[in-house]
Amino acid sequence: MMNQGVNAQTVAAADPNSLESRYAINASQGQAQSYLPSAPGSEAASWTVHKVEGYLSQDGVPANASYQHVQQPEPHTQNVQDGSYVAPLSSSSSTGTASAPQDYNSYTSYSNTTDPYSAYSGYYNGYQQQTNNQYSQQQPNPSYSQPVEAYQNTGAAYQPNSSFQNTGSYAGTASYSTTYYNPGNYQTSGGYPSSGYNNQPTAWNNGSYANYTSYQYPNYTSDTSSAYSSVSAPATYQQQYKQWPEYYSQTEVTCAPGTEHLSAASNSNHGSSLPTVSGGYPTPTNQIQPQSLPPPPPLPPPSLTPTWRCQPGGAASGAHDNYWNQPAPSFQTHLAAPTQPIYQNSLDSKTSYENFQELKTAPQGLNSQYPVVHQVSQNYQSTLPTVPSFDARRVSKLQIPTNPRIASNAALGIAKTEKDSYAANSAPRPAYISVSVQKPNDNSNSFLQPTMLPKSLRGYVERAFGRYKDDDAKRAACEAYMKDIITEARADGTLYTRDWDSEPLFTVPDSLSINIQTPTHASIPNYNKSPVRRSKSRWEPLAEEKMLEKPVSASNEIGKYGSWDRKLSLQTFSGYSATKDNSLSSFRFSGPQQRTPSKSAQRPMKRQRIVNGTGLTNNDDDASSDSDKEQSLTAYYSGAMALANNPEEKKRRESRSKRFDRGQGHRPDINYFKPKNAGPANLYTRRASALMLSKSFDDSANQAVEDIDWDALTVKGTCQEIEKRFLRLTSAPDPSTVRPEDVLEKALLMVQNSQKNYLYKCDQLKSIRQDITVQRIRNQLTVKVYETHARLAMEVGDLAEYNQCQSQLQILYSEGIEGCLMEFAAYNLLCVILHSNNKKDLLTSMSRLTPEAKEDDAVKHALAVRAAVTSGNYVTFFRLYKSAPNLNTCLMDLYVEKMRYKAAVCMSKSYRPTVPISYIAQILGFSNAADENGETELSGLDECLEWLKAHGASLITDNTGEMQLDAKASSSTLYMPEPEDAVAHGDSSLAVNDFLARTT
Amino acid sequence: MAYLSMGESHRRITDYLNRFADAINYQDGDSLARLFSVSSDSPSLLSLADALNVFQDANRLIKQSEKFSQFGEVVAPFFRSLQCYRLGNLVDAYGAFEKASNAFIQEFRNWESGWALEALYVIAYEIRVLAERADRELASNGKSPEKLKGAGSFLMKVFGVLAGKGPKRVGALYVTCQLFKIYFKLGTVNLCRSVIRSIETARIFDFEEFPIRDKVTYMYYTGRLEVLNENFPAADQKLSYALTHCCLSKEANIRMILKYLIPVKLSIGILPKKQLLENYDLVEYNNIVEALKRGDLRLLRSALQENEDQFLRSGVYLVLEKLELQVYQRLLKKIYIIQKQKDPSKAHQVKLEVIVKALKWLEIEMDLDEVECIVAILIYKNLMKGYFAHKSKVVVLSKQDPFPKLNGKPVAS
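Sequence order for the protein chains is H and X.
If you count the first sequence from 1, you need to add 4 to reach this note's numbering.
If you count the second sequence from 1, you need to add 617 to reach this note's numbering.
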């Protein structure tokens, strides 16, 4: 009731202002107005109560009161914000198409009836808008194309319904929905909207930061973001971000979506209200606006798009910001909405969402997006309890900021985009209007849900939650599950027929619980119990910090935030500290914001993802990487599990599962893993996916690695291409890209006869090796390939590659496969002697030589080289260097420099007084063909001179004019010069230019 | 196997259990140790093994009484191990013994005093020996031998139990030595490093406190490691410690020490008496010592070739091969002495041709360049004082101590 009182105040202010005034005054008026219209009489009451009531109705009313109180303290700001949002909504409605006005009317009526509540209604409106925005955002996120279409479609459908789209958005506000629902019910009892709405919000929640940040946000920013951005002023984003990160990574995320919607709403509002607000937030809005612009295009023209566009237009610049801001609002709303009710709603919505997801086909795009939302909402719910108050506060604060921003944005946006749908504000408004209509529907749904939920189901829910009394995180996860289950049940139509008393309880995965952890608040009971004030106190301090951090936040915002922040206690959010940082960072960078969420999300998010996965998200899949897909799959499956038996569901699934080729195979696995951590699940699914290729291992998930019949899994290549580039496998090999043995032989021949450089050959050989390995071919061909590669690598001094081949060859030879055993034994010896200098290895290698091996020329040579090296006999070494068989020279090449230097040092110490250069050149192998060709001898001499000079030798010319090494002088001046071609990584053989020179 | 009645079997098993329980109750480490020594083939254990094979349900006996059942986790797998050992199934015997040992370690961890160290020694020893035999069995069946590796990690665990402060730490060196044996056998000597580090750097280990036998073993193995690293002074010090502390009656052990100590001593210029080599049956070094004395490069090379496999396996081949320079030095010194007898005034000038001729006489074909290189290396490594005049191809020796003795220092590298 406190809220009401507050609301009344706000309303009073708002009322005078009326919509217009609202615009002007974001906060109070907007709120009041919105509230008034939105919540007529009873509805209004319900709205204000919304959160409270919803809670009450569903859970325990008391919480509501507390929540309201919380709101009250901050209410004005909130209200203002809300108001602004509302105003936008209202404005949008008015501006909006025909439907919009109607909606407004309804809203107005609502708001009027519930003056105090009106503020809330305004909030709701704002939320709805936000939700709408969210939707649009969501749409972009999933797959832009699909989602957009879906949205459009829905939008079209909705628009006619008017309520639908809006409702969708409203539903998005799910939390609102409870409140909304009431109104919604009144206006339109669209089943979908509520569900849709719920879904959206939930999705956001579930999506939590991770999803949102990564997917939705990015999307929003880029494509949809415009819409979103349009909705939310940049400022709001920042604010939201701050709040979000600080508060709950998850909730924040959800909020973000919500906020987005709000922002959208606000944008529309801004059109009207912006002027007032704009001052504070202009910059952000500007930013947002640009962003917003792009989004519209992605969004289809359909009814939804227009509305969205409008929002984007307004919000465009602030798309991101809007998102954030909006999300925050949504959170607030969500939070505000009784957690339980929300849950129910969300659950319902989820069900609907799931349906949507399943429906994805045409609507799927939308649905998919929505599903995400649903998930989010679930999370929210879990977190909501504590969060709500925060959110609300934040929202209010945020809203205020957003409002200003939005206002500015709106103005900007309008200027920019408005024209089309907007009629500036009008367009968005219509959307809103529609939303509002939907809201009623939603509300009705929500009402229905809370009220409609069978007692047995409630008992079931209680039981489920009762198991996690002391584990908030798990409870949150549990909530998500519950939502899924209930939505499914609803979708199945078994909600009322199912025997909930005998329904087995689900187990909450730890991972989920972890994700949820942040939401200490998660537990609904706690929410109810915990007064809003507490939350405030906890949150406020944090909020302040956040606010400070936020560069954009206007003074007003800061003030408001400050209050919030102060209220928020760091302690509560200790878990969020990490997120805080992220949030901060995010705030700083509007672009990065998304990232921040993702970051915050990622650590937390990994878990969150799981949560999402468990519940919700399919949307992610499109944009996401494999792992994301897996997650989404898991989520999908978890959500879908319950539905498995439903024929409709099956059909939908089938159609859906086509999107995930592996999905079907994974299902069992996924289910199996659901209870476990996401990490393992991902791994598992990955492996499973790999196994799937073999098409014989659906159940492999349960198989120990050792038990796997690798022979059956071995790929049989079908590729007939002789040439193939090497690409490191990151997944199971595809038989169509793997060459069978006969083709590989041709490929080897091709490489051997190729005139191209080593880099090309190395690449080709590596791909051949890969194909061989993948097909587990171990025969003479394998040996040949490795030998060929080893030789090529030696020729260019690629020791790393050579060592790989050598170690493989040793294994192959030890398996009795024929090859150039002696040749490579010699290489191995040389390598150990010259490059590893490991006595133990050398002894082992030598003791392994068979008597026959010792008679082999190459091995003999290698042993002689070893002896020369150990005794430092440079004369022998260079003689052996010249007479080296096979490619022994190549390996010795790499040791020549060292040996020459040793010899020079030795000679300078033991020779007196001088040593002729010609002798040195001859001894140290400088004159390659000295005996045959005088010219080369000369060149060898010059080379030797250069070398000696480079190493600091002291040279003199004697009476006969012959160059001499002054041994005594040189003994103290010789040094090992830094290799001229030294490279940063210390291995000159890796120097690209040199390498290219050698390999071409 | 002689017929064994059930009653007799029952009696033997109960007897063993009683002795086991008594040994623990009276903290009689020696008795307990005897009860564990599977591979000792002691009559009592063999008869117990027979009894176990007759009386298959020994576990029931263990569980029957509270007195025995508390040791069930140790004794039950031990019985199985003994049974398998008796039947020649060494792989299973090892597996069961490791299980029993594991349970015993858990108990041992809880005993404050080190009374059961003797038993632990036996267990560490048995683990290693059984693992070696199990690996042999695995290898003969064409399977990959991996038990010794497992024994290594198990003993590492035992080492962890002992390495703390307290009376048990004196047992750490024994386990370390068992680990050394395993690592040397497996050829993974680099794994020794971590154990050595904890022994040599941990203050809780006062090296002199360890039992003498463990110290000798430890020094032997660490000395061998130094030989591998060609760190001759350290190897000399460690192996000499082992030699001087080794019980004179353990001739096999002394021989093992000498096997590494002699090459080390040779490379720092100290030659053993012929008597020593013969006393300890180290005749493979005879020719090498002789070659060093005579400067007979051919003899050295043939001696190396003759025992190449053996030297390679023991890891001294590379050490012995390096003696070649000392042989050259000796040869040059001989030439120098002969020249001095002929014409003292020109003795310090050794013509390269003379050296080549001398080598030729030894049936070693080397041309001037190669010999010149050898001479340069000798001067460079300070085995010879003087210089080489390239123009005249003459080695000009210092008039003072042209062939310095190593005197315990290794040849400069």
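Careful: at least some of the hints might be erroneous.
[Stated by the list, open to error] For the chain X half of the interface with chain H, some residues (derived, Cβ under 10 Å), not all of them: (1) Tyr738; (2) Asn807; (3) Asn846; (4) Gly912; (5) Asp913; (6) Leu916; (7) Tyr934; (8) Glu938; (9) Asp986; (10) Glu987; (11) Val992; (12) Lys1008.
No lab work stands behind these hints: they were computed from the structure.
We put the CB at the ideal spot given by N, CA and C, even for glycine.
Legend entry - Hint status (Cβ of X/Leu916 to nearest Cβ of chain H, threshold 10 Å): 17 Å, violated
Inset, instruction - Using Cβ atoms only, decide whether X/Asn807 comes closer than 10 Å to chain H, and label the hint accordingly. - result: With a minimum Cβ separation of about 8 Å from chain H (threshold 10 Å), the hint on X/Asn807 holds.
Inset, instruction - Against chain H, run the beta carbon of X/Asn846 and see if the smallest gap drops under 10 Å. - result: It holds, given that the least Cβ distance between X/Asn846 and chain H is near 7 Å, below 10 Å.
Inset, instruction - Go through the hint on X/Asp913 and say holds or violated, using the shortest Cβ distance to chain H against 10 Å. - result: Cβ of X/Asp913 sits 17 Å from chain H, so the hint is violated.
Inset, instruction - Using 10 Å as the Cβ threshold, decide whether X/Val992 counts as touching chain H. - result: 7 Å, holds
Inset, instruction - Let me know if the C-beta of X/Lys1008 comes in closer than 10 Å to any C-beta of chain H, holds or violated. - result: 8 Å, holds
Inset, instruction - Double-check X/Gly912 for me: the hint is only fine if its C-beta lies closer than 10 Å to a C-beta in chain H. - result: 16 Å, violated
Legend entry - Hint check, X/Tyr934 versus chain H [nearest Cβ-Cβ separation less than 10 Å]: 7 Å, holds
Legend entry - Interface hint compliance - X/Glu938 to chain H, C-beta minimum distance less than 10 Å: 6 Å, holds
Inset, instruction - Mind checking the CB of X/Asp986 against every CB in chain H and telling me if the closest is under 10 Å? - result: 5 Å, holds
Inset, instruction - Double-check X/Tyr738 for me: the hint is only fine if its C-beta lies closer than 10 Å to a C-beta in chain H. - result: At 29 Å from the nearest chain H Cβ, X/Tyr738 fails the 10 Å test, so the hint is violated.
Legend entry - Interface hint for X/Glu987, Cβ within 10 Å of any Cβ on chain H: 5 Å, holds
Comparing the model with each numbered hint stated earlier shows that hints 1, 4, 5 and 6 do not hold.
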